[in-house]
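Protein chains: 2
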Amino acid sequence: MSTTHPDLVHALRGSSVESFHRGAIAISDAAGTLSLALGDVDRPIFSRSACKLLQALPLVASGAADALGLTDEELAIACASHGGEARHAATAAGLLAKAGLDVTALECGAHWPYHDGALKALARAGGEPSALHNNCSGKHAGFVCVGCLMARAAGREPAEFLRGYVRPEHPVMREVSAALAAATGADLANAPVGTDGCSIPTYAIPLRQLAHGFARVATGVGLRDDHARAARRLRQAVAAAPFMVAGSGRFDTRVMELLGERVCCKVGAEGVYCAALPDQGLGVAIKIDDGNNARAAEVVMAAVIEALVALSDDERAVLRGLSDLPLRNWNGIAVGALQASTGLRQALAAAAPG
Amino acid sequence: MSTTHPDLVHALRGSSVESFHRGAIAISDAAGTLSLALGDVDRPIFSRSACKLLQALPLVASGAADALGLTDEELAIACASHGGEARHAATAAGLLAKAGLDVTALECGAHWPYHDGALKALARAGGEPSALHNNCSGKHAGFVCVGCLMARAAGREPAEFLRGYVRPEHPVMREVSAALAAATGADLANAPVGTDGCSIPTYAIPLRQLAHGFARVATGVGLRDDHARAARRLRQAVAAAPFMVAGSGRFDTRVMELLGERVCCKVGAEGVYCAALPDQGLGVAIKIDDGNNARAAEVVMAAVIEALVALSDDERAVLRGLSDLPLRNWNGIAVGALQASTGLRQALAAAAPG
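Chains V and W, in that order, give the protein sequences. Sequential numbering from 1 applies to the first sequence in the numbering used here. Sequential numbering from 1001 applies to the second sequence in the numbering used here.
Bear in mind the hints are in silico, worked out from the structure with no lab data behind them. Using N, Cα and C, we set each Cβ at its ideal position, and we do this for glycine too.
Cβ pair distances, simulated, as ranges: (1) V:249 / W:1257: 35 to 41 Å; (2) V:257 / W:1314: 53 to 59 Å; (3) W:1327 / V:117: 24 to 30 Å.
Starting from the given sequences, assemble the full structure and let the hints guide the process.
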């Protein structure tokens, strides 16, 4: 790879750096002006699940959410990478039921719940996972709702119309990709494209444009009116039902339970993280070179929030516990820490308002 | 971090590099001459579980293995990071029973099996994990055997003598650390030290010295006679019982099932990998900067074996499938690959014999 990125996170064992994570960050306002660019922010990177809120814009903008009477929980799970806990699976099933369909409409594939307790509970009950446990089931259920509205408008049978909705050329996916392109300004027709874990296309978009897109989500500035209203509605829904967007003990859930509408953050696979910071009018996009989410991208996002968002002392202490996280072994002995690097903290301090 | 390491592994999505892993490698002969040094091979790195075979030398050299009549399976599990499958837990329990002790002697802590099927089977049975499921239970059972012999020689009660055997100053751990120091030539008294996942000390040792240590294990050259015999016995045991050193579907097990005594490799936490190549008289030590084992260190080790070990066409095809590994999503669709980088392959080709 051409550019050497700064090390953003250190994994310490004792007092020594055992491993470290390099990566890049862009922080943008709604005009596209970067207040921070660490590393190569122009390399296209697959945005994966970090852009789910952008992919859910048509669910609200199309009128499907209102027509079906979707709740905050249902809108939040449409933006989620959830842990497959019982409430997640039930909420995704409920969303499908409102569209008059069921799990057989989902094309995301099945996998065991990511949430450890949910996986063991399912195994203890002698169960097997379905597509409802797939971390993307809510997003796909949202696609299904959009497709149902399209089918009815066209006088088509929904289940038949929806078949193959994960393909780039399907009308549902065209609408979803158009929303992503409009928000980020990316030329998706010429972007590198791959297939995501849940089988929809994923496009590679520079961090600069992802951050710009999330600044637009934060402010509504630069979005079509219907998308701006949809972005605001989705941000409110996720803040009102943060359990649905991730799950028990997960970073996105914890942060939004703590900070509500002040931060709208979303993890993606392979170390991608995006956030909208409405009070600051900023968007954030992070990519860890090596693709590590849980212990690298999250630590970076915690440090970003600490540096940029107005926090109480108690809130700051919680965030510091996520950006400087003690590590314990199987006997509960403190063995080290995950820490935002000094270089990252200095760069963020320089980019912070005031 | 001061040195920028080369990218060794690329994670591709579609035809684009989505994520990549940097790291360092040392390949040494028994005289300590390096045939390959990629990256900083002089930075001390925690060797973690990659050095378990060195830590098991006293189990054989002390006479404990012969006195207790240990089998190949029991010696192999003493060098293992196993998946906690039923046969692993039973073998570790059997090793403890030969010493007249049981699971209560283990100080490694309990965790759920790493092997997915074993975890679900335990949950389905309504069970909870014990220290026998800890991936290090066999290594600890080996320590317990060494301690029992020491206790009897000193006229002490074994269970009481063993208490606290994980501490650096305990006679058992002093013997284990002395074997590690002797094999690698490292000055452990002045090395950075941390606490490992299983609570024993882990020392930071340069890749150069780890590779040298494994070249000594490969050849016996430069080891004390009793350690040279022990190294040979342990290599034979692991080759005869490769399931025990890792488990179903795991890299170390697969490679040694395929290649027997021609490769003795062992993964460690945080992207460390060591191997002894007896036919070449070489030792290998790898560290991935970001600590990723499964998809980075293993890909590098597969590429190393491909380049250095004499292989049949069928064997070469298996190894190529591990160093250029297709990735599929939840629907089984091919979405990308994990590949040893061209730079790595070129460096290995230049270092290969002949």
